[in-house]
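Build the full structure now, drawing on both the sequences and the hints.
Protein chains in written order, with the working numbering: chain W, 1 to 322; chain D, 1 to 259.
Rather than coming from a laboratory, the hints here were simulated on the basis of the structure.
Be a bit skeptical, because a hint or two may be false.
Chain D stretches covered by chain W per the calculated footprint, using a threshold of three residues with CB under 8 Å from any CB of chain W [said to hold, decoys possible]: (1) 154-166; (2) 174-181; (3) 184-191.
From the three backbone atoms N, C-alpha and C, an ideal C-beta is built for every residue, glycine too.
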Amino acid sequence: MIEVSGLEKRYGGKAVLKDITFSVARGEVFGVVGHSGAGKSTLLRCFNALEDYQAGSLKVMGREVKDLDRAGRKQLRRDMGMIFQTFNLMGSKNVFDNVAFPLEIWGIAREKRRERVMELLELVGLADKYKERVQSLSGGQKQRVGIARALALSPKILLCDEATSALDPKTTIAILDLLEAVRRELNLTIILVTHQMEVVKRACNRMLLLDKGLTQGIGKTDSLFLAPTPDLKKLIEDEFTLIPTGVNIRLWFPREISRNAVITGMARALDIDFSIVGGKLERYLDDVRGFLIINVDDRHLERVLNYLQEQKLFWEVMDDEI
Amino acid sequence: MKSDSGTQKLFLGLFFCGLALATFVLCLYLFSLSPKEAFQAIADSFARIREELFLSLWQTLCMVFLSTLFSAVIGFGLASVMIITGPQGLAPRPAVYAALDAVVDVLRSLPFIILIIFIMPLTRLVMGTAIGTLPTVLPLTVAAAPFAARIIEANFLEVDRGVVEAARSFGAGIGQIIFRVLLPEALPAIILNIAVLAIALLGYSAMAGAVGGGGLGDLAYRLGYNRFQNDVSVWCILVLVILVRCIQSAGNLLYRRLR
Ligand SMILES: Nc1ncnc2c1ncn2[C@@H]1O[C@H](COP(=O)(O)OP(=O)(O)O)[C@@H](O)[C@H]1O
Ligand SMILES: [Mg+2]
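Here is the structure:
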């Protein structure tokens with residue numbers, strides 16, 4: 001669907017994207033993650049030609065974006081909807097007219113427009129609010145209008161720039177669920193830009209980690225988070241600090257293995273004491289995964305590691321500089 | 001809240017009515033007139049000046065309406081070009097922007113009375129003559145258009161850039177962005193500013209009247225000042241006050257309607 005290779009973007013002399021390479025397959029939810037200023041929005045805006053790029057190649061549905069003429073760019077934008085952190089709705093229009101706006105721009109006849117808008121508002125669950133002014137809506141409702149508007153022209157790709165960053169956690173989940181539902185229903189490909197790790201974990205199959213315009217990691221979301229590189233670790237700001245004595249080992253639990261069985265099994269098999277110092281359960285896409293941090297005495301370290309090896313668990317001895 | 005401010009307005013209104021009545025009574029006493037004689041005098045004065053007053057009002061309305069309309073349209077055009085070619089614009093053209101920017105500021109810095117004289121040859125060329133109500137519309141428009149341009153440019157800049165970006169993201173072109181995004185989003189603020197501009201033009205038109213445009217300012221100057229007919233000046237002022245109130249109220253009303 002989207003192929004990026006060696007992409008570079010400069011503002012004046014300053015490079016904000018350097019040598020970015022990745023591709024997004026049809027139907028994927030692809031995350032772009034990084035701190036503020038990493039270049040996420042800029043990357044996204046290159047996709048629908050809101051920004052140009054200086055080197056490398058960026059192909060959307062087989063067409064090189066840089067080589068498109070005005071009509072080509074317009075068509076490209078028709079094929080890609082976009083939603084925003086600040087919703088960017090028109091305050092001078094009501095809900096209906098905001099959703100109808102892209103259709104007006106493209107000269108769709110009034111009758112058809114009406115039908116399409118009501119269909120979209122039905123889809124996002126706001127059909128009863130079509131006459132309301134957008135100022136009177138809540139953040140979540142505004143984003144629903146934004147989604148309806150972005151889908152008005154039946155795009156194949158949906159670009160989301162921090163779409164949930166202005167929303168509270170509960171609304172965030174509702175919007176992510178809505179995105180997933182429309183993705184399924186409309187066979188969309190979604191690019192999801194965010195600085196919220198929870199959002200990527202919940203929503204994305206694969207992700208690109210961006211820092212200061214450089215790729216810091218790319219791959220499946222769960223494997224990136226389950227076996228983070230040092231850079232990623234720094235970025236995800238691990239909240240587990242270390243216990244002074246002994247060795248901390250972090251265990252990850254792939255879906256086949258039950259946590260309790262491992263812990264009790266190990267205690268029984270090795271007959272040693274160890275303590276659980278931390279842990280976290282997280283939702284990845286469709287199942288719950290997690291890790292535990294256990295603290296074992298130096299004396300037992302080798303036996304414990306051997307045992308973990310036998311059990312084919314993911315594990316890691318944590319060093320102090322996390 | 002609402003009834004509160006309503007009551008306040010009522011009291012204010014009563015207060016000023018009372019004040020006016022007291023002044024009137026005081027005048028009667030000072031000039032030792034009976035109320036009947038006083039009303040008769042007012043009616044006589046009005047009858048004497050009525051035709052000229054209405055003609056002047058009509059001339060003023062023509063000048064203000066036409067020059068506001070033209071300067072708003074020209075200002076909108078200039079502002080659109082400036083917002084597009086400006087540093088943050090959709091198609092930055094520094095040279096074009098700098099040129100417009102300079103022209104607008106030079107025109108704004110000329111005192112109006114100088115401007116009228118300065119462009120008289122142009123007025124004569126375009127309108128056939130430099131004297132009269134309609135020819136005066138030209139200098140008025142030339143004076144007000146740069147103001148309108150600046151005001152509208154500022155109102156356009158106020159429009160959330162994200163909204164423009166959203167419109168671009170689903171394929172809106174530059175023309176569509178100006179007419180269907182910037183204009184409707186900025187319209188309430190523009191209307192308020194245009195009302196202010198129209199009131200300023202009312203003032204300018206009085207000056208323009210003095211050099212041959214006619215209108216209320218001219219009437220007050222010709223008869224009221226030069227011929228010492230103070231009652232004419234008072235009638236002119238009264239009509240001007242009402243005009244200003246009307247323009248401002250219309251602006252406020254439209255603003256509230258559109259917002
Ligand atoms: N129009 C611009 N001109 C110059 N620099 C810009 C412009 N837009 C963004 N940048 C710079 O590019 C970098 C990436 O910005 P952005 O893509 O918005 O980051 P993110 O969305 O990841 O927070 C930032 O350092 C920012 O200062
Ligand atoms: Mg951003």
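Quick rundown of the hints versus the structure:
no., hint, in the structure
1, 154-166, "holds (count 5)"
2, 174-181, "holds (count 3)"
3, 184-191, "holds (count 4)"
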